[in-house]
Amino acid sequence: MSGAHQQTILAVDDSASMRQMVRFTLEGAGYKVVQAADGVEALELAKHGPVDLVLTDVNMPRMDGIALVRELRSLDSYKFVPMLVLTTESGQETKLRGKQAGATGWIVKPFNPEQLLATIGRVL
Amino acid sequence: MSMPASTADTTVIRALRLPDGWTPEQQIAQMLGLCEAQMDSAQQESDQSVDVLVQAFTALAEAARAVGALAADLPAQTESKQGQDLREQLTVLSKQTAAAVVAFQFYDKLTQRLGHVRYSLSALALFVCNSAQMQQAEQWQRLHSTLRRLYRTQSEREVFQMVMDGNEACAIRPALPADTVAAGEVELF
Chain A
1 MSGAHQQTIL AVDDSASMRQ MVRFTLEGAG YKVVQAADGV EALELAKHGP
51 VDLVLTDVNM PRMDGIALVR ELRSLDSYKF VPMLVLTTES GQETKLRGKQ
101 AGATGWIVKP FNPEQLLATI GRVL
Chain B
1001 MSMPASTADT TVIRALRLPD GWTPEQQIAQ MLGLCEAQMD SAQQESDQSV
1051 DVLVQAFTAL AEAARAVGAL AADLPAQTES KQGQDLREQL TVLSKQTAAA
1101 VVAFQFYDKL TQRLGHVRYS LSALALFVCN SAQMQQAEQW QRLHSTLRRL
1151 YRTQSEREVF QMVMDGNEAC AIRPALPADT VAAGEVELF
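Residue numbers (our numbering), protein chains in the order written: chain A, 1 to 124; chain B, 1001 to 1189.
Hints in this document: simulated from the structure, not taken from any laboratory. Check before you lean on any hint, since a few could be wrong.
[Said to hold, decoys possible] Derived pair list, reagent style DSSO-like, types lysine-lysine, alpha-carbon separation capped at 30 Å:
| no. | chain 1 | residue 1 | chain 2 | residue 2 |
| --- | --- | --- | --- | --- |
| 1 | A | K32 | B | K1109 |
| 2 | A | K32 | B | K1095 |
| 3 | B | K1095 | B | K1081 |
| 4 | A | K99 | A | K32 |
Isolated chain A, as found in the complex (with noise of 0.2 Å):
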C-alpha cells in the first residue's frame, strides 16, 4: 500500500484466532486495523472513528454481521464505506441478505491472504 495516509480496516470477528489472522494479514500489508467481537461493539467503535473498510463475519453474539452492515449504511458516514462479509457460509439466502443489507462484497472462509488483500484493494 503505498502514500502518507494510512487506511484503518475494522474487522469484526468473535473467534479470537480468526481476528488474530486476519489483523496479521492486513498489517502486514500497511493497513491499520481495529478490532471488535460482535456487531454491537463494532457498532461503537465505528461510531467513535470512521473506518475505510469493514470486514465483518455473519454469526455473532449479540448482533451478526449483516444487521451490523444494516446498522452502519443508515448512518451517513457509512453510507459509501465498502464493507466485505467474510463468513462459512455460502448459502444464496444468506447471501442475498447481505447484498440486501448493503455488503459490498462476500468473501467465503477459510480466506487466503493474497486474495483477501487483492479484494480489499479492488474495492478501496
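Knowing the structure of chain A, use the given hints to seat chain B on it.
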C-alpha cells in the same frame, strides 16, 4: 481403547444408581446433556491451546517478516550467494506463512460446527422430555426443520441430508465429495 475389567465395571454400575421415578425420556435427555457437557469441556480446553498456538505462530511470522525487512535493507549482500539464499528462504517462509494462515482458520469452522452439534443435542434433549410430542410425526418434522436451518455451511447441509436419506454416520465421510467447501470464494455485489 480397552474395556474396563468386569469387577470394576460392576462396581461402577452399582455406584451409578438411577434416581427414583426415572423415565427413559429423562435418561435419554441426561445422556444427551452428558455429551453436550463433554463437548463443551473439550472445546474450552482446546480454546486455550489454540490461543497459545496462534499467538506463537503470529510472533514467529512477524519475526520472519522483520527479518525480511532487514534483508531488504542489506544492499551489499544482495548480489552475493548468501543474499540470494536468504531471499529464497524468505520466499519459502512467506509461502508457508500464508498456507498456515489458511490452515489456522480450521478452528473457527470447527468451533462453529461443534456449536451447532451442541445445540442439536440440547434441542433433542428438550424434545424427548415430552413423550406426547415424541409420538407425533409432525413434531419430529418440525425438529428436523429446525436443525436443517441451523446447519449453514455446505458440508453441514450435505451431512444432514445424507443422514436424513438413511445413510449411517460412518458411511458419510467417504461419500462426501472432496470439494464440498467453497472456501476462498469471492463475490463482489
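TODO: For the pair we were handed, K32/A and K1095/B, check the Cα-Cα distance against 30 Å.
DONE: 23 Å, holds
Open item on the list: With the threshold set at 30 Å, check whether the alpha-carbon distance from K1095/B to K1081/B stays at or below it.
Closed with: 21 Å, holds
Open item on the list: Just to be careful, I want the Cα atoms of K99/A and K32/A compared with a cutoff of 30 Å; is the pair within it?
Closed with: 26 Å, holds
- [ ] Below or equal to 30 Å on CA atoms is what counts here, so check K32/A against K1109/B.
- [x] Holds, at about 26 Å.
Every hint from the earlier list agrees with this structure, and none is contradicted.
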